Structures are given as C-alpha cells and as structure tokens.
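A.B. asks: Two chains, two frames, a set of hints: combine them into the complex.
Here the protein sequences line up with chains A and B, keeping their order. Using this note's numbering, you'd call the opening residue of the first sequence number 1 and step up by one each time. Using this note's numbering, you'd call the opening residue of the second sequence number 1001 and step up by one each time.
Hints listed in this document are in silico derivations from the structure and should not be mistaken for laboratory results. A quick note: this is a predicted structure, and the numbers were derived from the prediction, not measured. It is possible that some hints are incorrect.
Quick look at which bits of chain A chain B covers, simulated, 3 or more residues with Cβ under 8 Å [to be verified]: (1) 144 to 150; (2) 160 to 168; (3) 227 to 235; (4) 292 to 306; (5) 332 to 344.
Short, incomplete list of chain A residues facing chain B, as computed with Cβ under 7 Å [as the list claims (entries may be wrong)]: (6) D114; (7) I129; (8) G141; (9) I361.
The beta carbon of each residue, even a glycine, is placed where N, CA and C say it ideally should be.
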Amino acid sequence: MSTERVAAAIRDSVAASRPLRISGRGMWLDAGRPVRADATLSLKDDSGVVSYVPGDLTLTVRAGTPLAEIADVTSERDQWLPLDPYGSPDGSIGATLATASAGPLASSFGLARDLVLGVEFVNGSGETIRGGGKVVKNVAGFDLSRLLTGSWGTLGVITEATLRLYARPAVDRTFVIDLGGPEKHVTSIVRAIVTSPLAPYALLLLSASAARSIGVGESPACLIRFGGNEAVVRAQVGALSQLSRPEELETKIWLAVRQLDGNSHSTIRISSLPQRVVAHAARMLHEDIPFIRTSIDPRRGILRIAVDSDGEVDQRELRADLRVTEENGGGASEVIFEKLPPEVWAQVSPSVVADGLSRGIRTAYDPHNVLNPGILGD
Amino acid sequence: MVAERLAEIVGPAHVLSRQSELLVYNSDGLPGYRRQPRLAVFPGTRDEAIAVVRFLAAERLPFVPRGAGTGLSGGALADDIVVVGLHRLKKIISLDVENRRATVEPGVVNLRLNKHVAPHGLLYAPDPSSEAACTIGGNVAENAGGPHCLKYGVTLNHVLAMTVVLPSGEIVELGSKVGERDGYDLRGAFIGSEGCFGLALEITVKLTPKPQAVRTLLADFTSVDKAAHVTSAIIASGIVPAALEFMDGATIRVVEDSIYAAGYPRDAEAILLIELDGLEAGVVADQETVRRICLDGGARQVRVARDDAERMKLWQGRKKAFGAMGRLAPHLIVQDAVIPRTKLPEILATIHAVSEKYSVMVCNVFHAGDGNLHPNIAYSADDPAESERVHKAMVEIMQACIAAGGSITGEHGVGLDKLGYMESIFSETSLNAMCELRGVFDPERRSNPGKVVPVHACKEWHGIPGSAKSRGAREASPLEAEPSRPIAR
Ligand SMILES: Cc1cc2nc3c(=O)[nH]c(=O)nc-3n(C[C@H](O)[C@H](O)[C@H](O)COP(=O)(O)OP(=O)(O)OC[C@H]3O[C@@H](n4cnc5c(N)ncnc54)[C@H](O)[C@@H]3O)c2cc1C
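Pulled out of the complex, with its shape left as it was, chain B reads as follows (with noise of 0.2 Å):
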C-alpha cells in the first residue's frame, strides 16, 4: 500500500520493497551496524522528494535520508522504517564564477562539483576522503570536513544556504544565498544534524579560488612520538598548512602493499603529509620553516613533491588508505575523537599502549592539524574473543580521549555508533536542549528517529511515532554497550 503509493509519485523502478534488493541499504560505510530498511524510495526530482515528504507526513511515518551511504557512523540506517535515497537529485542548479558561488541538488557527489568548478579556477573546499562518493547533502548532514579542512574549515564554512523540505513537508530557506542575514543561525544548526532535521533539496556553497602555489612535503620519522612533537610545533608555529596528515608504520606499509603505493618509506614508523599554498612567495617562506621543524624535530628526510602527478600519488596513499586496510582483515573499525592538539603525543603513546595490552593492531591514520584523530583496527568479527578484545581497546581510546578534554566525532557524526558516548560528554540539561532544537525542526521525530541524542535523555518523548523507544533504549546503553562494532567487508 505505502509502496503503490510511492511509486505513483516516483515510478515503480524507483521503489523498492523486497528485502533482497534492500540488503544493500542495510548499512552505510560501517558496515558492522545493519538495520534492514522497510522499503528505500528514490525521488528523481526536488518535486517528487517534496510530495514524498509530504505523503510520509500524512502517514506519519518515519524514514531515514540518505545520500550515498559512505557515512561512518551508522546514521544512515533505517531500522523497519523508510529510506529516502537523494542520489538522483544530482543537478548542479547554477555557478555563478563571478560571486564564487554554485547551488545544487543534494546528492550532487562531492568531487563532481569540483571538477565542474575546477576549469574556473575554482574549487568546493572540504574535502573528505570520500569525496568520490559522498554527496554534499550528505556533507551537509554530518557537517563533513577532510584534509584540507585544517585551513579552509568545514562544510559549515562553506555553506550559505539551504531549502529544506521539513519533514511535516514544510518548505523552509535558511540561510541567505546574497550572504549575510539577520535572525537565529537556523542555517549553522541544520548543518551537521545528521539528517534529524529534515532533508536539504537545494545547496548553495561558497567557492574557493584555486591557490597560486601548493607544495607537499613528506616528512618522515623514526618513532611515532617525534612526528606527534612536530605536529604539535607546528601548529605551535602559527603557521596554518592547507592540510597536516599523521600515518604511523603500521598504515605506511599496508598502504605500500596495495594498489595504492604511494612511495612512502616502508621502514619508517610514521610520516607527516604537510600541504602549505597560497601566494608563491609565502609559502617558499613556509616550506623551508617547516622543512626546518621537521628536521630539528628528529626527520630522517623531507622530501617535497617534485610535480602534480608526484603530489597526487602521495595524496591518494592518504585517502584510500582505509580501504587498503581490507588487506590485513575482513572487518575494519575507526574512531574519529578529536584531542587538543598539545595532547598529540600523550594521547598517541596511550593508543599503543592500549594497544599492547589488548594485543590488537591499532592503525593510525588522521588528520593531526586538526588533532582529529582516525584510530582504526582491522580485525575478524568472526572470532568473538577478538572482537571483545577490539571492542575494549577501542573503549579505552575514547575514553582517553574525552579524559584529555577532547570530543567523541569531529567528522563524522554521533549517528548510532557514538550515541552510547554522547553522555559522558553532555550533561542531561545539553542534551535536552538538543532534542528540543530537533523537536522543533521534526516535532513528531519522524526524520531519521533514534540517532545522534538518545531518547531517554530527552524529556517528554514519549508515545511519539516513530521515536523508536525500544530500539532507542538499546542503542543508547552506556559506554560499555556497543559503542563501536566491527565494519564487515
């Protein structure tokens, strides 16, 4: 019935409904969480997604937006209920060169956009790893960052204005596409709410010119602990690289055995990636005071990319370096708290130290600038003694991490893997403060139910569709209870 209904407004092919062809919505990019989704509907233009939006309210039903699924925390999950899939909304509505501004659908992926400006001398900002398949609307939710995000701050940055269909089906515009406005940033708390808020039709983001000079340096260095002391002296420095990326030994030489060698050096134990630009002769400057932390730091070498196909090769080592994990074992699990930056070394030598006492392999790969950091462990979900050691160990980081003053996700979002940390961060009163923000955006809970704030922390949800009390009251279980899972391969 709900599915005739739907495919009246999108087409039949646009509906699915078997639980065959929905196991492939039954995850996101954490694939150690699966919620097998009642059916997945795929509006093919702003139109259709708003009469979507618009029947599900008269239904009250819930649902789950959803871009390309490479989120990292889960929140793309549709538990029994409804997905939305925005992948067809992939127009690019306008470019306007001039004002350095586009707008576009939302499931317009990341990287196209950048190649469509890039021939202006223009490029969109953040830049997350997936940027070959996420989407902006996908951005937009998790307020997505990436590595050059250290200079160039995230997508909240970058984001002028959005039109959001709520999910009562009410069409709202926040922010202002001119520039400036008066009135509550309505723009800046739909940014990052994770889909809980409504679904974003249309984005107009902010360009960036094309910077004059960009130079990669690789540093590399013989313990962990000394390029945890450089990053920390350079940011110490004042001087903003566009991008300052952490590999310890463990990532350098899985990396150096896939598909994706970069060339980094197989014996060190870990490298720094630093990208400086700007005006060529600043960054000249920048690069030899850089060059000279590193080496007073304790660099066996720095080395600077000689030419862009050089510049790219060490780049894309970077970016793929969570799928050549699949290399070690089947399932892979990462982290994503972000630590004072001073706190580098500290936090680093306890990851080992964790590590050991687990007797798991911990990887990491992160953005360091940003202290944002990515601990991940491949390991075998089939082998529960494993999984129970990878489960305590990752507990333990975190906890480190918030005991250091630090947060649980500085990019990729609460969703349903970091629900369980949200109270050791927030207090009740917070909390609740979040959950009536989201009540007024979706004041029956219907978009995207169960995530990012937990149920029971908020007052007064009760008896509302689609809340997901029971489901909530398991997902939002303490520390202990399953924070993170193994992601299947």
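Excised from the complex, chain A in its bound form (with noise of 0.2 Å):
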C-alpha cells in the first residue's frame, strides 16, 4: 500500500460509485458508527517509519504505523510520542488522528491536534494534499493538518504523518491513593491535588468499578504520574505525601488504563469546565454502578463513561441523565458519544457536522461522498 495506491482505490470507488468504509488496523473500526459503505480501504499494509531524526524530536510515519511500533521506535532513541488514547496499542496513528483520540497523557501534553505538525491525504477525488510540515513550528498555507484531525476519515484518509515527540524523562513514577473516604474529604483532596503547584503528567480519578477492572483495589482511586528529572519528581511525590498517603504503582498500569473501555458497548466523555468537574466528581466516583467505569480527568475537564452490554442502560435515558448532570451543573457541557451500538447510534447522536460550515468542508474535500459516508451522522 502507497499514497499512490490509496489514492487510485478512491478513485476506483469514485468511477464505480462504491463508497469505501476507511480502516487503519481495524482496532476500533467504526466504534459502532454507521458507515454506508460495502468495500473496505484498510491502511494496515501501510506502516513503517519514513523518517525519524531524534536530534528534532520529530517522527514522520505511514498512517498504519501501530501506536506501539511508534513506542518501540522511539524509546531507543529514549523518546516518546506522548499520545495515549483508549484503546489497543496495535491500533493505527492514522486512525488515532481521524478520530482525535488522546488518553491521560493529554492534559500535560496536548490532544493529539497539538502534537501533529503535518499530515498527508488523499481527499475524496482521490488527490494527494500536505497540510502542514516536518517542524515544530509553522504557519504556511491554511491549517490542514488540524483540520484532518479528528475527521473520523471523511475528508481525506490521512496516508502519512509528522509528529512531534518529546524526550522521556529521565525519572516517571506512578501513584495510587483511596478515594474510598467520604465525599468530602474526597472533594477536599481534589482540589487540593488541581490548585496546588504540583504538575502530574497525569491525574485521573478512577470510580471502585474502573479501580477494579484494572486491579487497583475495591474503592474509588486516583492515579497520579509524575515525571521529569529526580529532583522534581521527589518534590512532588514529597508533596503529594502531605495531602494524602500514595502507594507507588508499577508505569505500567497506564497500559491497564487505556483498556478500561474493556468490551463496553457504549463510551461517552463529557467535556465540561475543569471545576465543575472538581465539585461533582466525589460523587460521580462513589456512585457505584458495576457496569459503568467511570474515569474523570479533572484537569482536562473530562468525564468518560464506559458502559458494559449487560447492563440494561436505554441510551435515551442515559443522555437524558447526562442532560441533567449538565443542568445541575449550572452550564454547558460537550457531550461526546465515542461509541454506541450501531442501532441507536442515530437516534442518540445527531449529527456533528451539520452546520453549514462542515457541510460545505465535507462537499469540498469529498464531493462524491465515497469515504466513510455516514460515521458523523451525515
């Protein structure tokens, strides 16, 4: 597979008004999102490194490279991609840009828009385009790359990306500490955690059933990261220890982490103010239901909800519930379906990209509406 070959494929659809179903390694697919397309263009074949130089801390991969092949790469060079979406590591960067995929990581480090610095597509009509470029810095032309990103594959298949890498600290220790108390003290700890000076690579609040799942304990939990060299580190960890008692856990639990979506059938994050989420989340996390994990990133503002198939949740009740979370919580708050089942995909989700300004994005890049037609409720 080449750009050249993914571009004649959507060329080929074109003549034979065939739209395609666009997949990176197959990974996480359409997460149940309605695609209108009998063929399938996979990117699978098309992986590797194009360029790495690590002196400029700068990637360039083929869009089916795996998350992890990126991984392995670059820690022999001692960096990383500090990208760490939900989901498997064999899945493809291509598709973790195409649908804007990002994990715990993201509230130190960007989303994955922040970290993409250029990308190459075949747009519907089957023409090759470069947004952006291969240094950290740019401004030239209109932004495609951002635009790419988290376009769930409609505007183009991404074929090709640059991608800025960091360097790993030269220290990265994890912590746990029990959320189990009351959900004062819980708040307290909170925002003690968020106000103070401390600078977690990550911090996510786990509720018992998401602790569970990932072998953390029985109650309410927060994860906490923190890297950088020995003496930041140690500072941190000595001021966490002020405000709570933490246990050291293995870096490898953020592995566990990304799989806590498990086999749900539905995964829904809610992006809301960073301190709204503060005030609600003791609750929130107490609220013990077995088939729902429920993980909050309270820097990020974001709530993530994964919800097992057996558990009997209408989906219109659940929006309803979220509806009036938001209203209690005295404002607007994003709510993003990342998967449902296919059936009532339509009825929950109206479309994203209904407004005239996407509309007329879509028509342009995909005027025969060949690829993915369908995933954004369009």
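C.D. replies: Okay, structure coming up:
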C-alpha cells in the first residue's frame, strides 16, 4: 500500500459509485458508527517509519503504523510520543489522528491535534494533499493538519503524519491514592491536588468499578503520574505525601488504563469546565454501578463513562441523565459519543457536522461522498 | 456613498475616506509593502462590526480585517478596498479565574490581557515580541508565537473558542468554551487564516498558572557555530526550556548601542538567552544541566539573572532588537523561516556565506529552540544596487531553508510577503485544497483577497469579485519576483 494506491482505490470507488469504509488496523473500526459502505480501504499494510531525526524530536510515519511500533522505535532513543488513547496499542496512528483520540497524558502534553505537525492525505477525488510540514512551528498556508485531525476519514484518508516527540523523562513514577473516604474528604483532596503547584504528567480519578477492572483495589482511586528530572519528581512525591497517603504503582498500570473501555457497548465522554468536574467528581465516583466504569480527568475537565453490554441501560435515558447532570452543574457541557451500538447511534447522537461550514468542507473534500459516508451522522 | 452608509453604522468619526488620513493604514509592520486603502471603518461594538460586515456583504465589497497593524507579512494591507479596523473592540468580556479562561474582544492588546490576569497568578502564554501593541484578534489570525512558545505552544494551543462573523454576515461559533467537542476542528482551521475566513469578534482563551520558579540564563560564545551546536544539544537533551533565544554578535552590538542596552557582552559573537521555569526543584536541576551543556559546548560564561529586574532587562534587549536595528540603516527586511533544529549550525553557516557573497550585513535574532529563524538586513532601499543585493541574499537564504526541509514562515504568516514561496513548499493539489477551504468560509473571496494562497493556484477562481486577479498575478509570481521588499522606517 502506498499513497498512490490509496488514491487509485478512491478514484476507483468514485468511478464505480462504491463508497469506502476507511480502516486503519481495524482495532477500533467505526466504534459502532454507521457507515454506508460495503467496501473497505484498509491502511494496515501501509506502515513504518519514513524518517526519524531524534535530534529534531520529530517523527514521520505511514498512517498504518501501530502506536506500539512508534513507542518501540522512539524508546530506543529515549523519546516518546506522549499520546495514550484508550484502546489497543496495536491501533494505528492514522486512526488515532482521524478520531482525535487522546488519553490521560493529554492534560500535560496536549491532544492529538497539538502533537501533529503535518499530514499527507488523499481526498475524496483521489488527490494527494499535504498540510503542515516537518518542523515544530509552521504557519504556512491554511491549517489542513488540524482540519483532518478528528475528521473521521470523511475529508480524506490520512496516509502519512509527522509528529512532535518528547524526550522520555529521567524519572517516571506513578502513585495511587485511595478515594474511598467520605465525599467531602474526596472533594477536598482532589481540589487540593488540582490547585497545588503539582504538575503531574497525568491525573486520573477512577470509580470503584474502574479501579477494580484494572486491579487497583475495590474503592474509588486517584492515579497520579510524575515525570521529569529526579529532583522535580522527588519534590512532588513529597508534596503529595503531605496531602494524602500515596502508594507507588508500576508505570505499566497506564497500559491497563488504556483498556478501561474493555468490551463496553457504549463509551461517552463529557467535556466540562474543570472546576465543575472537580465539584461533582466525588459524587460521580461514589455512584458505584458495576457495569459502568467512570474515569475523570479533573484538569482537562473530562468525565468518561464506559458502559458494559450486560447493563440494561437505555441510551436515551442515559443521555437524559447526562443532560440533568449538566443542568445541575449550572451550564453547558459537551457530550461526545465515542462508541455506541449501531442501532441506537442515529437516535442518540445528532450529526456533529450538520452546520453549514462543516457540510461545505465535506462537499469540497469529498464531493462524491465516498469516504466513510454516514460515520458522523451525516 | 459607501462611506456615508458606513458612517451611519459606526458614526462619522470612525470612517476615514480622505487619502491623506488613510496613509497610516497603507502598510503594516513590514512597510516595504504599501497599498492604499479606499477607506477605513472602525466599529466600536460587536453589533456595529456585524452590521459593517453585513453591509459590505450586501454591496459585495471586499475588505481587510486589521488589528494593530504590527503584522510582518503585509497581511493587513488593503489595495484600494475597505479596511475594517478592530482596535476599538477592546473589552475583556469575562475572566474565569477558577477555570483559567478569559473571553475577550479581538482588539484587546496581548500585554493588556496579561496585565489583567497577572494579579490572579495567571498568564496568557503566547507572547509575541510585539505584545505591547498587537491584538489578540491579530494573534489568532496569524497563529502568533513568541519566545515562550517553545514550551507553552503557539496561539493555536491556547484558544478554545471563537465567535466569528463570516464575510457573508453569518455568525458562527467555532470550538467550545467548555473545552472539547466533536466534529471538524473549525477552530483549528480558523486560527492562522490570516483574515481570509472572516472576523473573529470574541475569543475565549486558556490561561496558564504562573510558574513557581523562573531562571534566566545568558550564555555567551565566541562563535555563532558554537552557539548553534549548543542549541541543538539542549534540544536533544530533552529539557524543554520555556524559551531559548539566539542573538548574533551584530545584533548584540546594535542592541547595546541602543536605549534597550541589556548588558550583553559586546565582544561575544553569539549569545543564547535561555529561560527555565516550573517547580523550583526541577528548575534548579535543569539549570545545572543546561549550564554544563553550554560550557561543554564552548560557552565563555553562563550568567544567571539574579532578580526580576535583571531578567526583564535581558528580555527587553531581545524583544526590542528589531526596533534597535533602526540605528543601522533606514530600512529593514525580516524573514521567518523554520528549519529542523539539527540543521541550525549548517544553515547559520550558509547565511554567513550568503551575506559575504552579496556584501550585506545579516543580523540573526531568533527563536532558536523552535528552529524559527529571523535573519534580517538593515540597509537603504534608496540605493538600488544595495536593494538588489539584499533581495538576492534573502531569496538565497529562504531557498536554503526550504532545501533543509523547513517552512517559509513560523509565525509571521504568508500575507503578501511569502506568497511567491508557497508553490515551492506546497503542491498544486495542496494549494487548491487550501483555496477550497477558504471558499467554504468565504465563497466570494471578499475577506482579505489575494493573500496566503496565490490566486492562480486556485481552480475555478475566475470572475469572482475581489479575487484581485490582476494584482494576484503580480504578487503570486515565483521566487524572483518580490517575495521580500524593504521595510522603510
Ligand atoms: C517588533 C515586532 C516583533 C514581532 N514579534 C513577533 C513574535 O515574536 N511572534 C509573532 O508571532 N509575531 C511577531 N510579530 C508579528 C505581529 O506582531 C503578529 O503577527 C501579530 O499577531 C499581529 O497582530 P496585529 O493585531 O498587529 O494584526 P495586524 O497586523 O493588524 O493583522 C494581521 C493579520 O490578521 C488579520 N486580522 C487582524 N485582526 C483580525 C480579526 N479580529 N479577525 C480576523 N482577522 C484579523 C489581518 O487581516 C491580517 O491579515 C512582531 C511584529 C513586530 C513589529
């Protein structure tokens, strides 16, 4: 597979009026999103490093490259791509960018869109386009890299990406704090951490069911990851010990965290003002529903809920619940459906690209509607 | 007629139509380009701005948004069309200290926002050297950077949401004030659109807590090459300084001769201004590592600013360096290429060779940590032979940066100035995709026509009012045409 072959496949699909389902390594697929296509264009075989200059902290890879391979290649030079989306590390970088996926490291290192420096993609007419470049700062031309990130394959098939890397910290330690105490106490610990000068790499609050599923105990918990030079980590661990009783975990716990979704039949992400999330965190963590795993990134203002298929939850009810939660919070939140059963998708999630600008861009980049039609509720 | 109608919207005092009054608006921070606007209108409220845009839409008149006019790419120039100046829209609409965000009107000056939030222990991270004058609207339009963007990221990384009036007069909300949302990143597409996608009327930004500790180091070297290698070594070490700025000997001496004298060693051939920030313990450790890298790389001395006053002084010299160049000659030309950071020593050597070849004096003062060069030449544009040499030198430098895998602009934007280089870094299909994106925001291409993407690179752009085909043909000509012209002072 090469860019030229992707382009040829798209041109063929246009000629035959046969839309394509775009797939990376097929690890996440369409998250239940309905796609009106019976042919699949997979980028699985279009994988590997195109160029890696450790001194520049930049890496260019083909879109089908698994995240795990990027981790291996960069760790040989003591570097990493600090992007830890939920799901399998065998997932591809192309899909990660197309779905704008991110994980707990995002509150320190940014979202996918903050780590991508340039992309090559093929639009729905089979034309190869490049946006951005290979340097860490660039304002030449309109920003097509940002546009493609999170477009779910509907504006173009990403074939190559240049990413910003970071040096691996000299020290990288993770701790867990038990949040099983009374709600008030939990709120004050969380608030103390969030408003302190502590600058953890990641900070994630887990409900009891979430904690249980990754083997860190039976009660709600807080995972906190410190990185940097020896001195800065030591100072922060010291400061944290003043606030609570942290216990050290192995860093590989974060690999387990990435599997929090498990075989969830729905995953919902709510973005809200950080302080509102902090205010409600304790109550949400203490609501221990066995088939719902809740995780909260208080600094990023993100609440993430993975619902198992054995739970008899009507998605519409859940959505209504979320609305109520929002209203109690006294203002708007953004509800993002990451995964839903295909049959409820259309009822639950209105199209996220129904506005005039989005529709215009879609028509300009995929005039024949052959790229993942339907995936954004369009 | 148009002027009267606009005056009805904003009041007669806020419309300029006399040619003499409009002279002030015939250039931006790069006054080598001059274009005389037809008229200028300055709305005082958001509603007035919307009414102005709707009136221009009804009349199908092209226009150019303008902030403070400090841009360095000719982006805010209006060639016989309407300037919509936004500096009167300067309300800080809201400040949410707890959630660290602020919503502002586009005419708010960058430094004013910073002064406003400072008492709460917060800062707005993007800090262009023009911070005392440039507006947040202009920063959004250019995706402005600044010295501290090395660690904190550029404007793009700090803007959550915007209310935009499209050239058609339609109002749209891009991004989310709350944080994250689903769908296309229209916010990301708008940032850096250089006024071609409409007017940003309300901007919600993220604020950053002030770091607990800050250390500013000044390392001085007897050669440019040593400082360049040390820059690469610091980046490769994995430490992310808050800022890592480079000044060569020529720049140092100009600054030291000016009112911005910062106490830089006059006999040095290069200095690095390195700032480390974060938690006290970490900063102390990084400071030692950086000091060692500098000394191992041949620094004569590494000095640490003792207090805030000394720190401010060191920064003042850096931030006012372009201004100080005015001492050398009446005109200045500045470039903004970005190169891979490992290529710094090589490209700085090339710049030196080019300057000898054309007998011009290139000064280098730039954001070294990002690889964002600002080679600049002070000279006299009244001397045609010198102008010719300066121009050729700049083209050759840009070509070397492009050949090194770089970009033509890191923060100043394409505007008019770098239009001629766009085809050397983007293919026809890529440029056309940019035209199409613009076409969605501005189907009639009336907002800042003729900028960023050469008009002839856009398919199906014929007969569109304001597409400025004739001007476009001149400005979009290839490298040799006029990608860089003098800045007159
Ligand atoms: C001495 C000096 C130092 C500088 N240092 C830096 C630096 O360190 N980093 C950096 O990035 N830049 C720097 N610049 C460049 C410049 O200051 C920035 O590009 C700044 O963002 C421009 O803001 P402005 O308000 O002056 O915009 P203007 O120059 O008025 O306009 C710039 C562009 O933005 C558009 N625009 C303005 N307002 C809006 C709006 N509300 N909506 C839509 N479009 C709009 C205009 O049409 C134009 O295309 C420097 C300039 C000078 C003179």
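A.B. asks: Now tell me, hint by hint, if it's right for this structure.
C.D. replies: Each hint, compared with the structure:
1. 144 to 150: holds (count 5)
2. 160 to 168: holds (count 3)
3. 227 to 235: holds (count 7)
4. 292 to 306: holds (count 3)
5. 332 to 344: Result for this restraint: holds, n = 5.
6. D114: It holds, given that the least Cβ distance between A:D114 and chain B is near 6 Å, below 7 Å.
7. I129: holds (5 Å)
8. G141: OK, holds: A:G141 within 7 Å of chain B, min 5 Å.
9. I361: Constraint on A:I361 satisfied, holds at 5 Å.
When the structure is compared with the earlier hints, no violation turns up for any of them.
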